Amino acid sequence: MSKSTVLFTLCIFLLSLIPQLWFPGNAILLGYDNVFPLAPTSFLYDRIYSWSWLIGFGSDQSAIQGSLLIHLIDSVPHFMGFSDQMSQRIVFSFWFFMLLFSAYFFVFVLEKNKLIKTSYARYFFPIFYALNFYNLQAWWIAERTKFSLLVATPLILCVLVPLLNTQLTLKKAIKNGIVCAFILTIFNGGGWLGFSLYGGLLVLIFIFYLFYSITRVRSKLYLQIVLLHLLFLTFGISFILFNAYTILPFLSATLSEYGSLIERSGGIEGITGWTRYLSENTSILNLLRLQGIPDWYDNISHPYANSYLRNPFLVFVSFLFPVLLFCSFLLKKENKRLMLFLFLSSFVTLFFTAGIHYPFGELFALLMKYVPGFLIFRSAIYKFGYSYWLVAGLLMSFSLSGFIDLLRRKVSEGKELVAPVFFILFVLIILLYNYPFFNGNFFHVDPHYASSRVELPVYARDFSEWWKQHGRGQRVLLLPQLNNDRHFEIYQWKYLSLNPVLANFGNTGIIENTVLLSPHENQLVVELYDAINESDKKNVERLTSLLGIKYVLLRFDFAYDYPGVETDNPYEVAKKIENISLKKIKEFGRWYVYELSGEKPIVRATTTAYVSDSGLLETQSSDMVQLSEIPEGIEVSDFVAHARCISCEAERAEVGVVFPKPRILLDSRLYQIIEIRDKLFKKRELSFEEQLFMYTGESLKYAAQLKELIERDKPELYIKNARDKYTEILFSYSELIDEIPQRSINPYLTAVTLQDYSHAQVVFLNDLVLQAGKKNQQAVLEVILGQLDRNDKKLMKIIDRDSFTREKVYSLSAPVAGTYVVSIKKDSLGKIGSYQGVSMELDGKSLTPIETESTMRFDDIYLEQGDNTIVLHLPPQESVLSVATREEHAGRACYLSTLDGYGFGKVYSLDFSVKNNFDPNFMFFVDDGIRYEPKLLGYFKVSGEQKKQQRYILSSDTVALSKVAKTMRVGFCSPSLDEERFKENVENLRVIELTAPDITAVRSVYIEKVDSPTIRVEEKNPTDFVVHVEKAASPFLLTVSSRFSHAWKASEGTHLQGNLFQNVWLIERKGTYDLSIHYSLQRFVTYGAFVSVSSVVSGIVILYLLRKKEK
Amino acid sequence: MRIFRNIFRLYTSHSQKLTQLFLIFVILTMLLVYVPFLNIIISPFIGFVFVLIVWYLMFSPATKWIILIAVIVLLVSFSLTIFELEMFAENFGAILYFLFIFLFVNKVRGK
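Residue numbers (the working numbering), protein chains in the order written: chain B, 1 to 1111; chain G, 1 to 111.
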């Protein structure tokens, strides 16, 4: 090896020290998706088990157990006694080194196998491979899972690609298969949840498979193809065996939920929508320029993207990459098969990396739709990108190296200097081009202050240490709550993540409303937060007992006012905590720990149950368990049913009607082709709702046809033809309206929506009547208007908009027949003035309630088992709008009113009739009343004396107000607005609350109270517990406050789901005995580990024997 | 003058092919733009691809020529990008992709 080779190689590997530049002060990389074990022993201990107790009420983690190896690498420096920062420095340099090494080794192998002759590619390629924007984006969150696959890919290619030039033998096929499996077992991409990251590798392997097979078929070397299959078979089987410890639990738990995972991600449409969004900027040109990272284009405060998008020099350099890529075709000395394989790989990987982007995007969308499992690659650029960057980097390295070789040949004098000088020059250009790697300015991509590089406060670690000792088997609720829409944990010291920072310490029993909670868990945790905020001591006690929460941690360093994710102010929360007399027991810097009184066990034994369809009984105490079905073997004290308002949704419906503009009119000869096309592509089997809306769509289409025909003054024949078709549709539609109450899923919503469409057509045709110059045209329109009116009346019989807020229809599903007490929460009734007018109708009988402090109660109501329909009659809702006051805003005079009693989550209807006879700038807006910042805004056209009725639904969905907004404000503004004009132009202005009153029916049965047995719980490990039961005198319910899973098994008893999400066992055995509770999937980890270890040992032995024979 | 003479000679030697190519281009454009339903069903991109393929098959350009064209396309794209007209430059990316495939085909054919 020459001196220059050693020197250049050393220089290349020195780049692995780049991460050392990223740690100013005490900073470490943490947050966003970067999970780093800051207390490795607890963290790794948790990861060994397929059930994790770290966050919330526990969850299955069999899909991420493969990350054990990656976190083991993270933990090694910690185990050696290094600090958090030094550990990260070492770990990240290790990964940087591995990236450089794998690329270097790949080229080295190619050289050794005489597949390439160029001499500098081994230096250029590692730089291209390790320093690029694809990797930089991954370094932002130190994505070690991705790096592991980035390392594995060239190493696997080192095994496969040399086969292009050699004959495959039986031994070689087996040996290579096992070696590939070993590589992928060590660098495994973090487990099966991250399997989609394998996308790039799988594409390259598939291309190799195809390419190899085609070349061997052309050479008629069929045995070689058989051996290649053997290689991949060995690879696959060995890989499965080596990773049995993660595959077995994954297959048994996660894979069975593939369908529900897709549904939770928004279905196929939702997933392709995401792919389209991510692929917006992955154009071929951007990818050829080695750009196209989605974050670059939608974030104006991106730390470096704007320079690369706008700086002419950097733009110019980016165009040199595709030039280099094209120039690689000029290389003549390299092995032709290798080059063909690389060229083929480059444009195939380019296609996959581009995702759903023009020009081939629709092909990718088809793959997503029709290839089973392909949906997992929804983030196309992130999942396939590295394979493209690998191939493109390699080809560009060849070009650069070839260029230096060419110069060396061409230059007659100073040959020794040409190569090093140009080599250093090119390397410097590449390094300078990737300057963010060196200045470390890529951790801060948020427009505000959040960053993935933070200085962890000492008290966070102190609390973690304390919790490890004192919090064993306990739970702590974190305050303030996370913003319930976006669930980010954000601290003033820049940390931002969906993952609680304490999870990095391996702390268990951390409860907050993270996105990782199930809907029911979240519902109860948010109820607890609400109870704390309302200083409702009784409810706090009830919910903490139910959830097993003994401690509360109040974080004063929480960034509660972070824009877009605002939440409760911790200082105000502190006052609320004082009101409910929680005892402060410890201070850790800006974190205070409070203790709740009494025992809050996670495992409890009770003898009383009640049955409730959804939600919990407010009077539930810790010795009661909610069950959704009537159990056999234990008496039930209460039967609870929550009524579901089926007409309320209709009140809130808001329909925007658009009339399609016809491209081909009825008088065109081509219209028949349109009709044929419609018939051909018409969906054959339609649901009832689809049928109705199909007719609605058709009627809008004919309305638009009529408008065009009349406006263009087409012959009467065609207008009549359109009328006939229109009325035919309306007749068919009319017949279906009669069936709405019986066949529609929500007849009220359907009827109201159809009314909106019908009214829109009436307005549309009325305008047309005024425009129509001829009497016969007007007559045609009158016929249609008549039919529309008849349909409208039919729809009004189902539900009348005028009686909306006064008549609400509920469905109440009673678990058993009998007499119930039905109560309505008064605070859910809205602003109705007097409660005297509240009544209920059941089976045609009108019932009058008794008014209590907080409810309107109906005693002794007999309900049949199953669905009962209730009609709730209410007095009219009063407007909650305050009297309008005049203010100046943005140079305009405004009349402003606020909503009394506004609350986040409530829904309002804003109604007014308006004309504009004075100013084209007359407008209205809705904002939070703090400063003029419209969230909803509309201008009124100058219309003279013509009035228009306006209706807007105001809710958190339609008006994006912050969760902590105290009010909502409605304003009407114009530069020339005065009181007289305001009163003249805006009439009947009102805002009413669209309520869905809470109705609960309870049937209480007297049962004799039996003492619960005493229990003691012993934890063997996170998936195995022993419960010592003493003196069980009767059947009882054993409740474990953990997320329900069928995989949790008890040695005896019937497994039920109780308290909405918990594991409950009905134990009928009496006396004193031990019960065991275990998470059954853990046995797959144990068996799998045994299979893995024995397979790895066997693999090593086989490799050793094969090597020996080769020698 | 010599350059112009060379260009003219090049043109005359390929004029037949050029005429055919333009004819195909015009017919395809007419078909895809003006014929109802065809203009809805078939994406204009298909026509563009077809013309590119026909160009490649007719002229069978050498690797260095394709690379030269690619560099010119890149230069145009660069100019558009500099003037923040990436939207137009994007279409050139599609041309580059096909040129890349043609280069690959040339390599397979050993040209």
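No lab work stands behind these hints, which were simulated from the structure alone. Each hint should be verified, as a subset may be incorrect.
Claimed, not checked - The calculated DSS-like cross-link candidates involving lysine-lysine, where the alpha carbons are at most 30 Å apart (straight line), are: (1) B:K826 with B:K793; (2) B:K117 with G:K17; (3) B:K220 with G:K17; (4) G:K107 with B:K683; (5) B:K941 with G:K64; (6) B:K117 with G:K64; (7) B:K826 with B:K906; (8) B:K575 with B:K701; (9) B:K220 with G:K107; (10) B:K966 with B:K935; (11) B:K947 with B:K915; (12) B:K947 with B:K538; (13) B:K112 with G:K17; (14) B:K415 with B:K3; (15) B:K947 with B:K793; (16) B:K831 with B:K576; (17) G:K107 with B:K336; (18) B:K332 with G:K107; (19) B:K333 with B:K3; (20) B:K333 with G:K17; (21) B:K661 with G:K107; (22) B:K117 with G:K107; (23) B:K114 with G:K64; (24) B:K538 with B:K793; (25) B:K725 with B:K831; (26) B:K775 with B:K948; (27) B:K576 with B:K661; (28) G:K17 with B:K410; (29) B:K333 with B:K369; (30) G:K64 with B:K1049; (31) B:K774 with B:K714; (32) G:K64 with B:K415; (33) G:K107 with B:K114; (34) B:K333 with G:K111; (35) B:K725 with B:K683; (36) G:K111 with B:K114; (37) B:K112 with G:K111; (38) G:K107 with B:K538; (39) B:K825 with G:K111; (40) B:K336 with G:K64.
Computed from a predicted structure; not experimentally measured.
Quick rundown of the hints versus the structure:
Restraint check for K826 of chain B and K793 of chain B: the C-alpha separation of about 34 Å exceeds 30 Å, so the hint is violated. Between K117 of chain B and K17 of chain G the alpha-carbon distance is near 40 Å, which puts this suggested pair outside the 30 Å criterion. A distance of roughly 39 Å separates the Cα atoms of K220 of chain B and K17 of chain G; the hinted pair therefore is violated under the 30 Å criterion. With a CA separation close to 48 Å, the supplied pair K107 of chain G and K683 of chain B exceeds the 30 Å bound.
Between K941 of chain B and K64 of chain G the alpha-carbon distance is near 63 Å, which puts this suggested pair outside the 30 Å criterion. For the hint linking K117 of chain B to K64 of chain G, the alpha-carbon distance of about 21 Å falls within 30 Å, and the restraint holds. For a cut-off of 30 Å, the pair hint linking K826 of chain B to K906 of chain B stands: about 15 Å separates their Cα positions. Between K575 of chain B and K701 of chain B the CA atoms are separated by roughly 61 Å; this puts the pair beyond 30 Å, and the hint is violated.
Straight-line distance between C-alpha atoms of K220 of chain B and K107 of chain G comes to about 21 Å, which keeps the hinted pair within the 30 Å bound. Distance check on the hinted pair: K966 of chain B and K935 of chain B sit about 15 Å apart at the alpha-carbon level, within 30 Å; holds. Restraint check: the Cα-Cα separation between K947 of chain B and K915 of chain B comes to about 5 Å, which is no more than 30 Å; the hinted pair holds. For a cut-off of 30 Å, the pair hint linking K947 of chain B to K538 of chain B is broken: about 53 Å separates their Cα positions.
Restraint check for K112 of chain B and K17 of chain G: the C-alpha separation of about 47 Å exceeds 30 Å, so the hint is violated. Between the alpha carbons of K415 of chain B and K3 of chain B the distance comes to roughly 17 Å, so the proposed pair stays at or under 30 Å and holds. Distance check on the hinted pair: K947 of chain B and K793 of chain B sit about 24 Å apart at the alpha-carbon level, within 30 Å; holds. Distance restraint check for K831 of chain B and K576 of chain B: the Cα-Cα separation of roughly 27 Å lies within the 30 Å cut-off, and the hinted pair is therefore satisfied.
For the hint linking K107 of chain G to K336 of chain B, the alpha-carbon distance of about 8 Å falls within 30 Å, and the restraint holds. Our distance criterion of 30 Å between C-alpha atoms is met by K332 of chain B and K107 of chain G, whose separation comes to about 10 Å. Under the criterion of a C-alpha separation no larger than 30 Å, the hint pairing K333 of chain B with K3 of chain B is consistent with the structure, at around 25 Å. Of the supplied pair hints, the one linking K333 of chain B and K17 of chain G is violated, its CA atoms being roughly 34 Å apart against a limit of 30 Å.
Note on K661 of chain B and K107 of chain G: the hinted pairing is violated, with a Cα-Cα distance of about 51 Å set against a maximum of 30 Å. Between K117 of chain B and K107 of chain G, the direct Cα distance comes to roughly 18 Å. Compliance with the 30 Å bound is thereby established for this hinted pair. Under the criterion of a C-alpha separation no larger than 30 Å, the hint pairing K114 of chain B with K64 of chain G is consistent with the structure, at around 26 Å. Our distance criterion of 30 Å between C-alpha atoms is broken by K538 of chain B and K793 of chain B, whose separation comes to about 51 Å.
For the hint linking K725 of chain B to K831 of chain B, the alpha-carbon distance of about 47 Å lies beyond 30 Å, and the restraint is violated. At most 30 Å may separate the alpha-carbon atoms for a hinted pair to count; K775 of chain B and K948 of chain B meet this at roughly 27 Å. About 58 Å separates the Cα atoms of K576 of chain B and K661 of chain B, which puts this hinted pair outside 30 Å; it is violated. For the hint linking K17 of chain G to K410 of chain B, the alpha-carbon distance of about 38 Å lies beyond 30 Å, and the restraint is violated.
Taken as a hint, the K333 of chain B and K369 of chain B pair is broken in the structure, with Cα atoms around 43 Å apart against an allowance of 30 Å. In summary, the hint linking K64 of chain G to K1049 of chain B is not supported, as the alpha carbons are separated by about 70 Å, beyond the 30 Å threshold. Note on K774 of chain B and K714 of chain B: the hinted pairing holds, with a Cα-Cα distance of about 12 Å set against a maximum of 30 Å. Distance check on the hinted pair: K64 of chain G and K415 of chain B sit about 27 Å apart at the alpha-carbon level, within 30 Å; holds.
Annotation: proposed proximity of K107 of chain G to K114 of chain B holds, straight-line Cα distance about 19 Å (limit 30 Å). For the proposed pair K333 of chain B and K111 of chain G, the alpha carbon gap of about 14 Å is at most 30 Å, so the pair holds. Note on K725 of chain B and K683 of chain B: the hinted pairing holds, with a Cα-Cα distance of about 20 Å set against a maximum of 30 Å. As the CA atoms of K111 of chain G and K114 of chain B are separated by approximately 23 Å, the hinted pair is consistent with the 30 Å bound.
A C-alpha spacing of about 27 Å is found between K112 of chain B and K111 of chain G, which places the hinted pair at or below 30 Å, so the restraint holds. Proposed proximity of K107 of chain G and K538 of chain B is contradicted: the alpha carbons are some 79 Å apart, above 30 Å. A threshold of 30 Å between alpha carbons decides the hint, and for K825 of chain B with K111 of chain G the separation of about 83 Å lies outside it, so the pair is violated. The straight-line distance between the Cα atoms of K336 of chain B and K64 of chain G is roughly 17 Å, inside the 30 Å bound, and the hint therefore holds.
Figure legend: structure checked against the earlier numbered hints; hints not met, in rising order: 1, 2, 3, 4, 5, 8, 12, 13, 20, 21, 24, 25, 27, 28, 29, 30, 38, 39.
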